[in-house]
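Asker: Chains as they are written, first to last, in my numbering: chain V, 1 to 182; chain Y, 1 to 201.
Accuracy of the hints is not assured; some may be wrong.
[Claimed, not checked] Simulated restraints, written as ranges between beta carbons of each label pair:
(1) 26(V) with 170(Y): 26 to 32 Å
(2) 151(Y) with 98(V): 23 to 29 Å
(3) 180(Y) with 69(V): 37 to 43 Å
(4) 9(Y) with 76(V): 30 to 36 Å
Calculated from the structure, these hints are not laboratory results. Only a predicted model underlies this, so the values are computations on that prediction, with no experimental measurement involved. Quick reminder that beta carbons are idealized off the backbone N, C-alpha and C, glycines included.
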Amino acid sequence: MKKAPVLLLSLCCLCSLLSAHGVKLKVSQQPPCVVVEAAYHAGRALVGADVTVSRPGEPKAFQKGRTDVNGFFLFRPHEAGQWQVMIDDGMGHRGKSTIEVTADFFAPPRQEEPAVKTVDPPAVNAGAVDKVEPGPLEAEKKKTPPVSSSEICCYLLKIVLGAGLILVVTFVLHRLVKKQGG
Amino acid sequence: MHIADGILPVEVSIAAAAVAVGAVYLGGRNPKPEEIPRMGVFAAGLFIVSLIHFPIAGTSVHLGLYGMAGLIFGIRAFPIIFVNLLFQSLVFQHGGLLSVGVNTLTMGSGALAGWLVWKLPVIDRRIKSFFCGFLGILVPAVLVASVFILLSYGRGMAFMLTVYLPTAVIEGLLTVVIYSYFNKAKPGLLGIAPLEEKEKK
Numbered sequence: 001m002k003k004a005p006v007l008l009l010s011l012c013c014l015c016s017l018l019s020a021h022g023v024k025l026k027v028s029q030q031p032p033c034v035v036v037e038a039a040y041h042a043g044r045a046l047v048g049a050d051v052t053v054s055r056p057g058e059p060k061a062f063q064k065g066r067t068d069v070n071g072f073f074l075f076r077p078h079e080a081g082q083w084q085v086m087i088d089d090g091m092g093h094r095g096k097s098t099i100e101v102t103a104d105f106f107a108p109p110r111q112e113e114p115a116v117k118t119v120d121p122p123a124v125n126a127g128a129v130d131k132v133e134p135g136p137l138e139a140e141k142k143k144t145p146p147v148s149s150s151e152i153c154c155y156l157l158k159i160v161l162g163a164g165l166i167l168v169v170t171f172v173l174h175r176l177v178k179k180q181g182g
Numbered sequence: 001m002h003i004a005d006g007i008l009p010v011e012v013s014i015a016a017a018a019v020a021v022g023a024v025y026l027g028g029r030n031p032k033p034e035e036i037p038r039m040g041v042f043a044a045g046l047f048i049v050s051l052i053h054f055p056i057a058g059t060s061v062h063l064g065l066y067g068m069a070g071l072i073f074g075i076r077a078f079p080i081i082f083v084n085l086l087f088q089s090l091v092f093q094h095g096g097l098l099s100v101g102v103n104t105l106t107m108g109s110g111a112l113a114g115w116l117v118w119k120l121p122v123i124d125r126r127i128k129s130f131f132c133g134f135l136g137i138l139v140p141a142v143l144v145a146s147v148f149i150l151l152s153y154g155r156g157m158a159f160m161l162t163v164y165l166p167t168a169v170i171e172g173l174l175t176v177v178i179y180s181y182f183n184k185a186k187p188g189l190l191g192i193a194p195l196e197e198k199e200k201k
C-alpha cells in the first residue's frame with residue numbers, strides 16, 4: 001500500500017504526456033487559401049475527419065471534404081466576411097471555428113514577393129532531378145511541433161485543477177451530510 | 001466516446017438531461033457520510049484516468065473505468081460519472097454542457113451493465129471483474145453508435161466496434177488487475193467483500 005502514492009503520481013505524470021481528445025483548430029490565412037489544421041488537444045492530427053465550410057446564416061454548405069493525413073484542410077473563400085469551418089471525426093469529437101476574412105485577403109500580391117511560385121514540371125528525359133523548395137504549407141507542417149512544453153504544463157495544471165475541484169466538492173458535500181446527520 | 005454539443009438535436013439533449021437528472025438523483029440520494037469521500041476520490045481518479053488516450057483507427061479513445069464504478073458503487077456510479085463528465089466539460093471542453101446528460105446516461109449504462117454482471121452469483125470473481133470492465137466500455141459504445149445511426153451520423157456500428165473492442169478488452173484486463181490488487185492489499189478499501197478462501201483455491 002506504500003507504493004500507492006508513487007503509482008498515483010506516476011499515473012498523473014503519464015497523463016500529462018498523453019492527449020485529451022477535445023478538438024482544437026488552428027487557422028491561418030495564406031492567400032488565396034485558408035488553411036485549417038485540426039488536432040486533438042495534445043497535438044495528434046485528426047486524419048480523414050469530415051470538414052464542412054459554410055457562411056453564417058446560409059443553410060447550404062459552401063464546401064465539404066476531409067482532412068488530409070496531417071490533419072490539414074484548405075479552402076479558397078471567394079469573398080470577404082465570416083466563414084465557418086466545422087471538423088468532425090465521426091466519433092462524437094467536433095471542433096468549430098469562425099474565420100474573419102477581410103478585403104486585404106483578396107489584394108493582389110506585391111510584384112517583388114509573389115505569394116505563389118510557379119514551378120515548371122521537370123522534363124521527362126532530364127538526367128538530374130531538380131530540387132524543389134518546399135512551399136509555405138510544407139514548411140509550416142515541418143516546423144509545427146507535435147506538443148509544446150507549455151501545452152503539457154497547461155494540460156497538467158488542468159488535470160490537477162479538475163481533480164482538485166472534484167475533491168473540494170466532495171469535501172463540502174461530506175461536511176454538509178455530516179452536519180445534517182449530527 | 002463523449003458526444004459533443006451540436007451533434008444531437010437540442011430537444012433530444014434536454015430530454016436525455018432530464019432522465020439523467022433522475023438517474024443522478026436515484027444514485028445520489030441518502031448517502032452515508034462515509035460513502036461520500038470514497039465516491040469523490042473515485043470520481044477524481046476517473047477524471048484522471050479518462051485522460052489516458054490511445055490512437056486507434058485514426059481516432060482517439062480513452063479508458064473509462066465505468067464498469068469498475070458499477071462494480072464498486074452500483075447505481076451510485078451515476079452521480080460519480082455525472083460529476084466526472086461535468087468537470088471534463090468545464091475544464092477540458094470534452095463533450096459540452098448541453099450533452100452532459102446524454103453522456104451521463106450512455107456512460108452510466110456501462111456502469112449498470114458492470115453492476116449487473118457483478119451481481120451474477122455463479123461465475124468466478126476475476127472473470128466477472130473482466131466482464132465488468134469489458135461491458136463498461138462496450139455497452140456505452142453500442143449505445144452511442146445506435147444513437148449515431150438513428151441520426152444518420154458517424155461511421156456506423158462496425159467502425160465503433162472496431163475502435164472500442166480493443167479498448168473494452170484492455171479495460172476488462174485493467175479491471176481484473178485493479179480488483180485483484182485491492183482484493184489482496186486491502187479488501188475493504190473499495191467496498192468489495194474479500195474473496196472466499198474456497199474461491200481463491
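Asker: Hints first: check each against the structure and report whether it holds.
Answerer: Outcome of the hint check:
{"no.": "1", "hint": "26(V) with 170(Y): 26 to 32 Å", "result": "31 Å, holds"}
{"no.": "2", "hint": "151(Y) with 98(V): 23 to 29 Å", "result": "24 Å, holds"}
{"no.": "3", "hint": "180(Y) with 69(V): 37 to 43 Å", "result": "41 Å, holds"}
{"no.": "4", "hint": "9(Y) with 76(V): 30 to 36 Å", "result": "32 Å, holds"}
Against the hints set out earlier in the document, no violation occurs for any number.
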